[in-house]
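From just these sequences and the hints, can you work out the full model?
Chain by chain, the residues run as shown.
Protein chains: 2
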Amino acid sequence: MAGTKEFTKQVSTILKAGPGFSLDAADPESTPGYKGKKSDGVALLAAQDGRLDVLQEMLFAEGKFGSSKRVLLILQAMDTAGKGGIVEHVVGSMDPQGVKVAPFKAPTDEEKAHDFLWRIERALPAAGFVGVFDRSHYEDVLIHRVHGWANEDELERRYAAINEFEAGLAEQGTAIVKVMLNISRDEQKTRLLARLDDPSKHWKYSTGDLKERAFWDSYMEAYQLVFEKTSTEVAPWYVVPANKKWFARIAVQELLLEALGKLDLSWPKADFDVSAERAMAVQS
Amino acid sequence: MAGTKEFTKQVSTILKAGPGFSLDAADPESTPGYKGKKSDGVALLAAQDGRLDVLQEMLFAEGKFGSSKRVLLILQAMDTAGKGGIVEHVVGSMDPQGVKVAPFKAPTDEEKAHDFLWRIERALPAAGFVGVFDRSHYEDVLIHRVHGWANEDELERRYAAINEFEAGLAEQGTAIVKVMLNISRDEQKTRLLARLDDPSKHWKYSTGDLKERAFWDSYMEAYQLVFEKTSTEVAPWYVVPANKKWFARIAVQELLLEALGKLDLSWPKADFDVSAERAMAVQS
Numbered sequence: 001m002a003g004t005k006e007f008t009k010q011v012s013t014i015l016k017a018g019p020g021f022s023l024d025a026a027d028p029e030s031t032p033g034y035k036g037k038k039s040d041g042v043a044l045l046a047a048q049d050g051r052l053d054v055l056q057e058m059l060f061a062e063g064k065f066g067s068s069k070r071v072l073l074i075l076q077a078m079d080t081a082g083k084g085g086i087v088e089h090v091v092g093s094m095d096p097q098g099v100k101v102a103p104f105k106a107p108t109d110e111e112k113a114h115d116f117l118w119r120i121e122r123a124l125p126a127a128g129f130v131g132v133f134d135r136s137h138y139e140d141v142l143i144h145r146v147h148g149w150a151n152e153d154e155l156e157r158r159y160a161a162i163n164e165f166e167a168g169l170a171e172q173g174t175a176i177v178k179v180m181l182n183i184s185r186d187e188q189k190t191r192l193l194a195r196l197d198d199p200s201k202h203w204k205y206s207t208g209d210l211k212e213r214a215f216w217d218s219y220m221e222a223y224q225l226v227f228e229k230t231s232t233e234v235a236p237w238y239v240v241p242a243n244k245k246w247f248a249r250i251a252v253q254e255l256l257l258e259a260l261g262k263l264d265l266s267w268p269k270a271d272f273d274v275s276a277e278r279a280m281a282v283q284s
Numbered sequence: 001m002a003g004t005k006e007f008t009k010q011v012s013t014i015l016k017a018g019p020g021f022s023l024d025a026a027d028p029e030s031t032p033g034y035k036g037k038k039s040d041g042v043a044l045l046a047a048q049d050g051r052l053d054v055l056q057e058m059l060f061a062e063g064k065f066g067s068s069k070r071v072l073l074i075l076q077a078m079d080t081a082g083k084g085g086i087v088e089h090v091v092g093s094m095d096p097q098g099v100k101v102a103p104f105k106a107p108t109d110e111e112k113a114h115d116f117l118w119r120i121e122r123a124l125p126a127a128g129f130v131g132v133f134d135r136s137h138y139e140d141v142l143i144h145r146v147h148g149w150a151n152e153d154e155l156e157r158r159y160a161a162i163n164e165f166e167a168g169l170a171e172q173g174t175a176i177v178k179v180m181l182n183i184s185r186d187e188q189k190t191r192l193l194a195r196l197d198d199p200s201k202h203w204k205y206s207t208g209d210l211k212e213r214a215f216w217d218s219y220m221e222a223y224q225l226v227f228e229k230t231s232t233e234v235a236p237w238y239v240v241p242a243n244k245k246w247f248a249r250i251a252v253q254e255l256l257l258e259a260l261g262k263l264d265l266s267w268p269k270a271d272f273d274v275s276a277e278r279a280m281a282v283q284s
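Which chain is which? The protein sequence lines are A and B, in order.
Using the UniProt record's numbering, you'd call the opening residue of the first sequence number 1 and step up by one each time.
Using the UniProt record's numbering, you'd call the opening residue of the second sequence number 1 and step up by one each time.
It should be emphasised that the hints constitute simulated quantities derived from the structure, not laboratory data.
Nothing false has been slipped in among the hints.
Remember, identical chains collapse to one label, so a pair may be satisfied in a single copy or spanning two.
Below, computed lysine-lysine pairings styled on BS3-like, alpha-carbon distance capped at 25 Å:
{"id": "1", "residue 1": "Lys100", "residue 2": "Lys69"}
{"id": "2", "residue 1": "Lys105", "residue 2": "Lys245"}
{"id": "3", "residue 1": "Lys69", "residue 2": "Lys201"}
{"id": "4", "residue 1": "Lys105", "residue 2": "Lys211"}
{"id": "5", "residue 1": "Lys211", "residue 2": "Lys189"}
{"id": "6", "residue 1": "Lys189", "residue 2": "Lys269"}
{"id": "7", "residue 1": "Lys35", "residue 2": "Lys16"}
{"id": "8", "residue 1": "Lys64", "residue 2": "Lys100"}
{"id": "9", "residue 1": "Lys105", "residue 2": "Lys69"}
{"id": "10", "residue 1": "Lys37", "residue 2": "Lys5"}
{"id": "11", "residue 1": "Lys5", "residue 2": "Lys16"}
{"id": "12", "residue 1": "Lys16", "residue 2": "Lys229"}
{"id": "13", "residue 1": "Lys100", "residue 2": "Lys204"}
{"id": "14", "residue 1": "Lys105", "residue 2": "Lys269"}
Dropping the structure here:
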């Protein structure tokens, strides 16, 4: 990609919420590992589309030939942080045939009658697919902690259940990419006001948004705990600065590229006699 | 779209398989209603992306606010005709959050234990969604007729069941767009050979492809009957010349734009007090 400004460091390394990570110290305005400006980022996103597309097609092709590899992108964030934009502009560049987006809202009565991971398991991507969770099982240790819907014992049980669940997925060949889009409190206010000022965006606005915003600090504490308890070797958390939408998009795109790259994909070998088929096709 | 060559006629009118339509007389090489060449078509596809995207977002927004409108694109064709390319390049330009692609393969044992429309009903798009069927219930009157897996009485029952089913969908607010991608026998041979000559495409090739190709004429007769029996007022068939991939893509894009246009979409009105919310947001 001559002329395109790329990341100068490995994104999975610099954005990983490893031991000692402090959300409080992470700057939502920053662009770690990237020296370009907005126009560079926009160009990079477009330039990498093709690579992401080919890798995803290879994953899909392997899936058709019996591989159990798959990718699961988990998106968590405060309202307006840009989950939708990631789905549209990063995930959206892949072939819809091989992508499955699962949004998680407040659970239904049927879902509530089961353990919290029940609905998650049902939404997992099939072999060969890139699955995207727009919110996830992490709501059960985030909003539930913030509003006291689960006590400390239950929350501890859930962290442990999540780690076990994700370890199992990883063992079965799922590359898990957990992303928290990190916006600042001020940036959220700006974006909420922008939604209110644009009638074509009113449908995205909920009066619940301001109610949850009032618990901002509790949410940040709950996220910090999530990183401490569930950022594991096989399924680490990445905290992506998201005040600059263009940066969040290239960062998540790069995380997906890295995850797909690590799956060691290749085009499946033909399970038929190519030259015999060719001879028959010519005659057909 | 200054400088972009557009269709000179309404695509839904010129490509409709209405009374008297003859598949035999339809030219897979033609570009009806379009005077541009390949580069113009490629430019048009890109130029219309944004419009398609906005209409689909409006459909999705209305769905969130209780509307039952939705779109169902049904794709049928001989192998290699370009269904996958339509999904990737036309459907793929829309937001994956609001799109549901359902591929139909040979039915499973569970599916076979039910009537042929059972698995179709389960795959219908939710309100606000654009659903895409990659093959469909029409296989039950195409491959089943060609190979004699259903007798004439049963096939007649199925045509009638399909018409009733689709009329019900239309009445509930589903805009149905049924597309047959029409390639020539020679073009299929060229494309099968191209797949055989490219190892990155072997995974798309099946030895079943040549077996079905041997029944070409029977398939064309079965398609002709499908158009005669199931091209209805509320769910007409469109036969899209598909030897030129670029043309098939702009034609299907235009059919989707027309279908969405007819749904009379608009941004949902806020169901909350915008100025009161704004005042609270400023203070928050």
